[in-house]
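**Student:** Chains as they are written, first to last, in our numbering: chain A, 1 to 82; chain B, 101 to 182; chain C, 201 to 282; chain D, 301 to 382; chain E, 401 to 482.
By construction, these hints were calculated from the structure, which means they are not laboratory data.
Only true hints are included.
The list that follows gives simulated cross-link-like pairs (lysine to any residue, SDA-like), each with its CA atoms no further than 20 Å apart: (1) D/LYS338 - E/ILE440; (2) E/LYS438 - E/GLU452; (3) B/LYS123 - D/GLY333; (4) A/LYS23 - B/VAL181.
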Amino acid sequence: MLKGIIRGNVVSTRKQESLVGSKFMEVQIIENGNLTDKYIIAIDSVGAGIGETVLITVGSPARLALSNKCAPADAVIVGIVD
Amino acid sequence: MLKGIIRGNVVSTRKQESLVGSKFMEVQIIENGNLTDKYIIAIDSVGAGIGETVLITVGSPARLALSNKCAPADAVIVGIVD
Amino acid sequence: MLKGIIRGNVVSTRKQESLVGSKFMEVQIIENGNLTDKYIIAIDSVGAGIGETVLITVGSPARLALSNKCAPADAVIVGIVD
Amino acid sequence: MLKGIIRGNVVSTRKQESLVGSKFMEVQIIENGNLTDKYIIAIDSVGAGIGETVLITVGSPARLALSNKCAPADAVIVGIVD
Amino acid sequence: MLKGIIRGNVVSTRKQESLVGSKFMEVQIIENGNLTDKYIIAIDSVGAGIGETVLITVGSPARLALSNKCAPADAVIVGIVD
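Next comes chain A alone, as it looks inside the complex:
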C-alpha cells in the first residue's frame, strides 16, 4: 500500500458507467514520513476528505475495496491513517 495526503478531487462527468458515483481524489504520496513529488488518483472507499492522510491500495487488488468489484479502478483509498 501507499501512504499519502489527499490534495484535491478530480471531477469527471463523462465516464465509464461502472465508475458513476466514484469520488476521485488526487493524493500526494508520502515515503518514510516525507512528502514526495509523486501523485496518484484514487477512488475513495472510506469517506476520506481533503487533507487527510490515507492508505491506498493500487493495481488489481484495489477494486476489491469497491462495492462493484468489476469497476475499472486501479487505485482505491482503503484506510485513513490515525
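Position chains B, C, D and E relative to chain A; hints supplied.
**Tutor:** Frame of chain A; chains B, C, D and E shown alone:
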C-alpha cells in the same frame, strides 16, 4: 488512475484480433496539475479526443472498461475530466 | 519479491472492513545489500517485527498470503530473512 | 500499452514448458516519439520482426494475447505500428 | 519479461507455508546488454544457478510458472538465456 492529456493517436493495422476497432491514444501524464515527460498509450472507452484531459486506468483492471473484457489491454481511458 | 527492513507500523482505525486486524508495516527496501530510499507499506503475514529483514510480495499475488484472499491488499510480508 | 522498436531477440533453450515456441524480443521503448533508454523483453504474438515499431501490452493482461492464456508471460507484442 | 544475472540467494526459514521449498534468487537486471543497478528477488522454476543469465516474469503471471499456482509470488525465473 492517472490523469493526462491526449496528444495523438497510434495506428496499427496488423494487431491482435481482439484489439481490432480499438482506438489507441498517446497520453501525456499530468501530476499535481503539471505536465510530466511520461507518456502512455491507452485505449479509449469514452469517446475522448486529442487535447482532452482524461482519466486512465492501468494494469489488469483496465480491460474491465472494454466491451471485450478478455482483450490484452493494460491502459484504458475511463473518463474525461471536466 | 522485494527485500527490506521493517522501520515502523502504520495505524489506521477507519479502514476497509476486510482489512480490520491487518498489521501495516512500513518497510525500507534493500537492493543488492544496500538500503535504498524506497519505502512500501505491507501487511504482515508471518509475525515479523520492527527491525527484521523481510521478503515482500507485491501486486495481485500478495493477497494470496492472507487468510482473506479477497482483501484489497497489494503488498504482504511473506517471509523473514535469516 | 507501450510503444517501442524491436532491437533483437533472446534465445532460451531451457525454459518453462508453457513458453516453448515463444519468440522473445528485446524492445526499446519510445515515448512521445523519442527513443528512451528503457528496454523490455516481450513475446511476439503478431509476427513482428527486428526493426519494427510495435505496441506491447504488459502485466497480467499480456497473456490474453497468447494462445496459451496460462503462460507465465508479462509482456506481449500485440500490434505493429503503421 | 526481464533479463538478469543471478547474483545470490536469499534464505528465509520463517515464511508463508505455500512458499516452503521455493528457492529465492537475487537477480541483477540487464537492459540492452548492460548491467543496471536494479535488483529483484525471484523464485527459480527452471533449475538456474548463481552467475546464470535468466528471464524473469514479474507480477501476477509469475506464479503460473510454479507448481502451486496460488503461491504469493510476484517474480519467477522462467528461462535460462543461452
